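Between the sequences and the hints, there should be enough to build the whole structure, so can you do that?
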Amino acid sequence: KQEVTQIPAALSVPEGENLVLNCSFTDSAIYNLQWFRQDPGKGLTSLLLIQSSQREQTSGRLNASLDKSSGRSTLYIAASQPGDSATYLCAVIERNFNKFYFGSGTKLNVKP
Amino acid sequence: DVKVTQSSRYLVKRTGEKVFLECVQDMDHENMFWYRQDPGLGLRLIYFSYDVKMKEKGDIPEGYSVSREKKERFSLILESASTNQTSMYLCASSFLPSSVRGGNQPQHFGDGTRLSIL
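Each protein sequence line maps, in turn, to chains X and U. Quick note: the first sequence uses this note's numbering, first residue 72, plus one each step. Quick note: the second sequence uses this note's numbering, first residue 17, plus one each step.
Simulated from the structure, these hints should not be mistaken for laboratory data. Careful: at least some of the hints might be erroneous.
In silico lysine-lysine, BS3-like type, Cα no more than 27 Å apart, as pairs [to be verified]: (1) K73(U) x K113(X); (2) K73(U) x K72(X); (3) K73(U) x K19(U); (4) K29(U) x K73(U); (5) K178(X) x K72(X); (6) K113(X) x K178(X); (7) K139(X) x K182(X); (8) K170(X) x K86(U); (9) K69(U) x K86(U); (10) K182(X) x K113(X); (11) K71(U) x K29(U); (12) K139(X) x K113(X); (13) K69(U) x K34(U); (14) K178(X) x K87(U); (15) K113(X) x K19(U); (16) K29(U) x K72(X); (17) K34(U) x K73(U); (18) K72(X) x K34(U); (19) K170(X) x K87(U); (20) K113(X) x K34(U); (21) K139(X) x K72(X); (22) K87(U) x K113(X); (23) K178(X) x K71(U); (24) K34(U) x K87(U); (25) K19(U) x K86(U); (26) K113(X) x K29(U); (27) K73(U) x K170(X); (28) K71(U) x K87(U); (29) K170(X) x K71(U); (30) K72(X) x K182(X); (31) K19(U) x K178(X); (32) K71(U) x K72(X); (33) K71(U) x K34(U); (34) K71(U) x K86(U).
Predicted model, so just to flag it, every value in this text is computed and none were measured.
Here it is, written out as structure tokens:
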């Protein structure tokens, strides 16, 4: 069964810092990988989706990379802002199954 | 923009009641999902459906059932609510990954229903 792990579980940084969130998965036979943001008490908002044939995707200050062979993805946030404070989750969908597998998330706090 | 709408943001029910949580999406997605989210346990899949009247058990289906009579609507039913079903419930939808539309399209979530069983 696919297992998705996110490290660290929590991260606190000063405003303006560049940071990297990590996601690893055990089975490399995936369709795609998605990064989400979740604000307290709210649903998940999709940030970036990387197809299995892609190496990275960018949106504004966010850059997500995918190394399928090693089972890893990173989310890079440039010039962090207090408004980036949230929990970030990654999820993979396997090639042979119609389900999404989620990591437990990284809780980010950006201090003013 | 894709819209996934959950019928209630907050709900309080009593032990033993039959509880219905409703979810509607407006993007003609084949897939619909119900998750629950608890502190320290992350997101856990309860049920999903890939077509009308079709359903598949997720990781924690016990105590729940689902109904998908129309493509846009997916209902989660707690047959006899218990206190351990107090949780945040999240509905999501997506295209089938194997479809022409599906491979590069994200999964979309509703805002969640915080359910308390007293």
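Cross-check of the supplied hints:
1. K73(U) x K113(X): holds, 25 Å
2. K73(U) x K72(X): holds, 15 Å
3. K73(U) x K19(U): holds, 24 Å
4. K29(U) x K73(U): Status holds; Cα separation ~24 Å.
5. K178(X) x K72(X): Holds, at roughly 25 Å.
6. K113(X) x K178(X): holds, 14 Å
7. K139(X) x K182(X): Violated: K139(X) and K182(X) sit about 33 Å apart, past 27 Å.
8. K170(X) x K86(U): holds, 20 Å
9. K69(U) x K86(U): The given pair, whose Cα atoms are some 8 Å apart, holds under the 27 Å limit.
10. K182(X) x K113(X): Cα-Cα ~21 Å, so holds.
11. K71(U) x K29(U): Roughly 26 Å between the alpha carbons, so the hint for K71(U) and K29(U) holds.
12. K139(X) x K113(X): violated, 30 Å
13. K69(U) x K34(U): Roughly 21 Å between the alpha carbons, so the hint for K69(U) and K34(U) holds.
14. K178(X) x K87(U): Not satisfied, since the Cα-Cα distance of roughly 35 Å exceeds 27 Å.
15. K113(X) x K19(U): Cα-Cα ~14 Å, so holds.
16. K29(U) x K72(X): Distance of about 35 Å is beyond 27 Å: violated.
17. K34(U) x K73(U): holds, 20 Å
18. K72(X) x K34(U): violated, 33 Å
19. K170(X) x K87(U): holds, 18 Å
20. K113(X) x K34(U): Holds: K113(X) and K34(U) sit about 25 Å apart, inside 27 Å.
21. K139(X) x K72(X): The given pair, whose Cα atoms are some 17 Å apart, holds under the 27 Å limit.
22. K87(U) x K113(X): holds, 24 Å
23. K178(X) x K71(U): At roughly 33 Å apart (the allowed maximum being 27 Å), K71(U) and K178(X) break the hint.
24. K34(U) x K87(U): Between K34(U) and K87(U) the Cα gap is close to 23 Å, so the pair holds against 27 Å.
25. K19(U) x K86(U): Answer holds: K19(U) to K86(U) is near 16 Å, not above 27 Å.
26. K113(X) x K29(U): holds, 20 Å
27. K73(U) x K170(X): holds, 11 Å
28. K71(U) x K87(U): holds, 12 Å
29. K170(X) x K71(U): holds, 12 Å
30. K72(X) x K182(X): At roughly 38 Å apart (the allowed maximum being 27 Å), K182(X) and K72(X) break the hint.
31. K19(U) x K178(X): holds, 26 Å
32. K71(U) x K72(X): holds, 20 Å
33. K71(U) x K34(U): holds, 20 Å
34. K71(U) x K86(U): holds, 13 Å
Hints 7, 12, 14, 16, 18, 23, 30 from the earlier list are contradicted by this structure; the remaining hints agree with it.
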